[in-house]
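Q: Chain A is fixed; fit chains B, C and D onto it per the hints.
Protein chains in written order, with the working numbering: chain A, 496 to 832; chain B, 496 to 832; chain C, 496 to 832; chain D, 496 to 832.
The list treats identical chains as one, so a pair stands whether inside a single copy or across any two.
In silico PhoX-like links for lysine-lysine, alpha-carbon gap of 25 Å or less:
#, residue 1, residue 2
1, K832, K778
2, K563, K592
3, K792, K832
4, K792, K736
5, K613, K558
6, K831, K778
7, K693, K546
8, K792, K730
9, K693, K736
10, K792, K778
11, K782, K795
12, K782, K792
13, K831, K795
14, K607, K792
15, K684, K592
16, K730, K778
17, K607, K684
18, K730, K795
19, K782, K831
20, K592, K607
21, K832, K795
22, K592, K546
23, K736, K795
24, K684, K546
25, K736, K684
26, K831, K792
Just so you know, the hints here were simulated from the structure itself, not pulled from any lab data. Being a predicted model, the structure only gives us computed values, none of them experimental.
Chain residues, written in single-letter form:
Number of protein chains: 4
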Amino acid sequence: MFKLSPLGKRLGSIPFKPQPNHPLLNDESSVIGFVGLGNMGFNMAKNLVTKSSNSIIVYDINKDATSKFSQIQVPLSSNNDSPRISVASNLSEIAAKSNYIITMLPESAHVKAAYCGKDGLLAHLKPGTVCIDSSTIDTHVSIEVSNLISDKGAIPLDAPVSGGVMGAEAGSLTFMVGGRSSDEFLIAKDILQFMGSKIIHCGGLGTGQTVKICNNMLLGSAMIATAEAMALGTKLGVDPKLLSTVINSSSGRCWSSEVSNPCPGVLPNAPSSRDYNDGFASKLMLKDMYLSLNAAKSQKIPLLLSSLSTQIYGHVCNDADLANKDFSSVFKWINKK
Amino acid sequence: MFKLSPLGKRLGSIPFKPQPNHPLLNDESSVIGFVGLGNMGFNMAKNLVTKSSNSIIVYDINKDATSKFSQIQVPLSSNNDSPRISVASNLSEIAAKSNYIITMLPESAHVKAAYCGKDGLLAHLKPGTVCIDSSTIDTHVSIEVSNLISDKGAIPLDAPVSGGVMGAEAGSLTFMVGGRSSDEFLIAKDILQFMGSKIIHCGGLGTGQTVKICNNMLLGSAMIATAEAMALGTKLGVDPKLLSTVINSSSGRCWSSEVSNPCPGVLPNAPSSRDYNDGFASKLMLKDMYLSLNAAKSQKIPLLLSSLSTQIYGHVCNDADLANKDFSSVFKWINKK
Amino acid sequence: MFKLSPLGKRLGSIPFKPQPNHPLLNDESSVIGFVGLGNMGFNMAKNLVTKSSNSIIVYDINKDATSKFSQIQVPLSSNNDSPRISVASNLSEIAAKSNYIITMLPESAHVKAAYCGKDGLLAHLKPGTVCIDSSTIDTHVSIEVSNLISDKGAIPLDAPVSGGVMGAEAGSLTFMVGGRSSDEFLIAKDILQFMGSKIIHCGGLGTGQTVKICNNMLLGSAMIATAEAMALGTKLGVDPKLLSTVINSSSGRCWSSEVSNPCPGVLPNAPSSRDYNDGFASKLMLKDMYLSLNAAKSQKIPLLLSSLSTQIYGHVCNDADLANKDFSSVFKWINKK
Amino acid sequence: MFKLSPLGKRLGSIPFKPQPNHPLLNDESSVIGFVGLGNMGFNMAKNLVTKSSNSIIVYDINKDATSKFSQIQVPLSSNNDSPRISVASNLSEIAAKSNYIITMLPESAHVKAAYCGKDGLLAHLKPGTVCIDSSTIDTHVSIEVSNLISDKGAIPLDAPVSGGVMGAEAGSLTFMVGGRSSDEFLIAKDILQFMGSKIIHCGGLGTGQTVKICNNMLLGSAMIATAEAMALGTKLGVDPKLLSTVINSSSGRCWSSEVSNPCPGVLPNAPSSRDYNDGFASKLMLKDMYLSLNAAKSQKIPLLLSSLSTQIYGHVCNDADLANKDFSSVFKWINKK
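In isolation and in its complexed conformation, chain A is listed as follows (with noise of 0.2 Å):
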């Protein structure tokens, strides 16, 4: 188990410089309120509570998972041998006995109204609170909530990941964080550490989710392309591994090629040769598809092939049988009768 590293320490040749309202983290004495405990969150939480020492309190409107997580066996804490886990009630619980917050919700709508519902996240929020948002949404609400965050003294950090639930499990989830600072965004890093095993910095508020959905929103795309490509080889007679060793080797390597390949049978490990399952969900992948194209919108850039890509997994959500699998699954899509 590891405790958080003393600050200061770990900065190397990022200058440090203080933020006024920050309380220098004591590691032991800290307190991690964590909002959303979901198939991602629960698993993070856990990776949060059993490879750090401090104290953790935990919010969700879903009781029995909160139940759950009440159940999780740590050693008591060491700085005043109390039990480390404890339920919130209500959110404002959360505000009022954090150092820092993280949350991780489906919807920009969730995050928005934990933060500025009635009886939200702000309306008790604790100047110098570390407030890190891991739920994917829109960049501009995001970055509406950050400063709402900033306006009350805290400190605002958006930190979607990806690596799916197997990563959050593992403790091995990419975070890509948008801050306001290196400094602010190390202070995260001390926390992300125990979930993640890549913690980067994309630069300032909202940067974390604009890396993120730019990644996906191009993965989207090169996955119905590696589709299409293998459904028209072997349609044509090539064996699809000998194609996907080809392609891999040459200027269509993709990640959809190598590594999740959609065509059943080229790769053992990949979701196509378990019929699409325990893979990235169609469904998310849509929802990630439309924060792209909402923010592409409010920044006047049409993406013609973006915009169909996302029509096409909208089309695959519709059927019944690929809702809920791996996004992959559009290569049964494309070929289906």
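A: Same frame as chain A, but now just chains B, C and D:
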């Protein structure tokens, strides 16, 4: 300078079944006919004659090209002390004098005309001649011509290339080869190795073409997807180098983001960083995309994304500035006002 | 000048059920509040005050617009000999003084702010006020605001228009109206008839918006389809007038070919024949297309074609020459080199 | 029964310039060759022989079709009291015996084979023969064949039709005609009027094909646009009949909304209201869309929307249920789960 290795020695575990009509190669006496001395063909033929010890006879309707080729300095034939480069007056002469014929022509119609036209290659083809077409053409035309070559007792192979003019110059092309058998593939490989560093057997007749166009079709869409992601991310304030670095370590990774990023300045050696010069011209990508769509049409496979990408390159090619630039200039088209 | 006809007389076969909180209209004493004096709203409000005998109170953040409006010459009120035009200082005053409120605002956010903002209309709305929103906005926002109006005991109707600035000037707009009942539709029609020549009851709350955007979405794609057909046919040497004549007598016939052909010279009175000026601006079409896509997203209906059309108008709007021209200028974009 | 009117009489204001090699029509002795007795051709030829007084000689590789045709009861020739229907053994016989030749074949390749194949029509064509091709084929193939016909001293015209099998039966087809001159158009019109009610001169050779495919291409996209609008509007709760009524009185109006609305129940007589039977098959629309894209490719005109529409019909045609249904069944494909 290499000599063609005795055929049998290199076959390894693939059992060698001599083709009835095939003259076993006596390296030094084999004559190679080369049809098509364009930007690609000239450099390929040059490598062939300088790296091998065979004689070569070339043909092109462009007399400047054949004249220039005949001035290349190479040692005399060790076989009979005669010059190793000659220029044919017509295709009949190529057919009459060659043991190998390589064609490197712009489009389906040219290949068809070279073989099937009045006084074309087919009319005078000797049984056993190894006929390698390295043009990128319609799969069905390729198969049709190959079957006519077979009917004459000669050996057809389709062997389109990737690697561009620079690869042709360096002799580092990739050949994607379709042929009737592994033995015949190996016979062709003996020759192709002087022009390329990767010679891949893709399967039966036509599969070389298929693999080539599937790769390029995927590449075409992935490039546009990358360009859209880079356009969106940078517009939203993310540093383009950082954005591409994160993408390259994530699921958005592809050749277009890693090797030839379309956003100027991200990769100093990419065409985008030299105003999109000296790459793979948009018009060639457009040509390959159309070959893919033709093949897909014949197989009744609807390709929503590739079809849109094709039309997008159509727009790029209609732009006077971008028509002959590298196809990653689609980034410029997307950002155009 | 018309007066509002006594309500009951015009109802024809539709049985009249007075709404409990609705003050039966006494034409001359009814005051109409009008919020939003832009290009459309100014002309609509002007028709209302000049064609009816009611008093009108207007509000706009643009003081030039309200000042200009207050200078319109109309007879005094026959009711009390007072001036029939007044300018409100704020929205509260509109709410407090009006029996009818018409809003004509650019986007969803403006309508929401006007009603729900601090000191917005809702806060001071009198029970029984007829609240007609003629803005073209998101269907779900329209329904949401309508429900809040209902909660205050007032009568909500969505009544977006088609016909453009010229229709607003001429009083010949088409109103597509959604409301809670036929009776309430008829109450609104009493007012709308002064501004439009076609008042259509589309169904329940929100249906006015839905019908409007469905029509415009179809129009948006049909215009592009027409532009593509005209571009192809004329490039192939067919006379554009002849081409459109044949299309108009065949199955290709549509409003875009018959009434507003995008090819210059085909129809002397179409925007295309006056350099695409004075029509329905591309940016307004783009706005409406996005409203459609939002609605489709909420209903999980993938719209491949409309989605692509939207992005095409995005490109048109990014073209400095075409941004504010009639949307049929997509023809020019298609033919651009 | 009509007779062909003496040629000169009907020319009205168009000055008549006799073509050097053209035998002025002597109605009763003119023989019409008809090649292609499919669903369309059979009915067209039947109208021709029953409504005119000319003799007809037919050819089809399907012997059942020619046999069935030869059993049609018509009066003997008033010219020589001989039967007016005969069946040719081969194309040479058609060429040798006909003053007019009409071809009604499925695709470009068939027309090319019928004229240019070994023992095809060209080989035995008499100078002055009027050669009308009513097939819908590639514009460039049409022009190519027409030029070969011209070279033989015969008179080429392209005259594709719209109106479907029902129009062919009723003799109410529309012919879109390209020809070398107005005079030659009028010569063809003499014959075409027995099969169609609208005979339109579109311009020079190939323009008949061009106008046909431009119309159908526009129709193809407009139908999808209509289907998307109807799908969205009805999902949002608007009555489909009301929605189409408003659209039809507004700018969304098009043939697909007014005459063949794709939403079942809106128009009792539309294919959509009889499970999409007995209309214009999706596969024929797909064929025409591809003809358009081929033409656009040759002219270097990118067609983003039409290209996508084509692939959408590709999906419809791959659906076992919808493959042979009316193309308005794209509505069903869009709503498919």
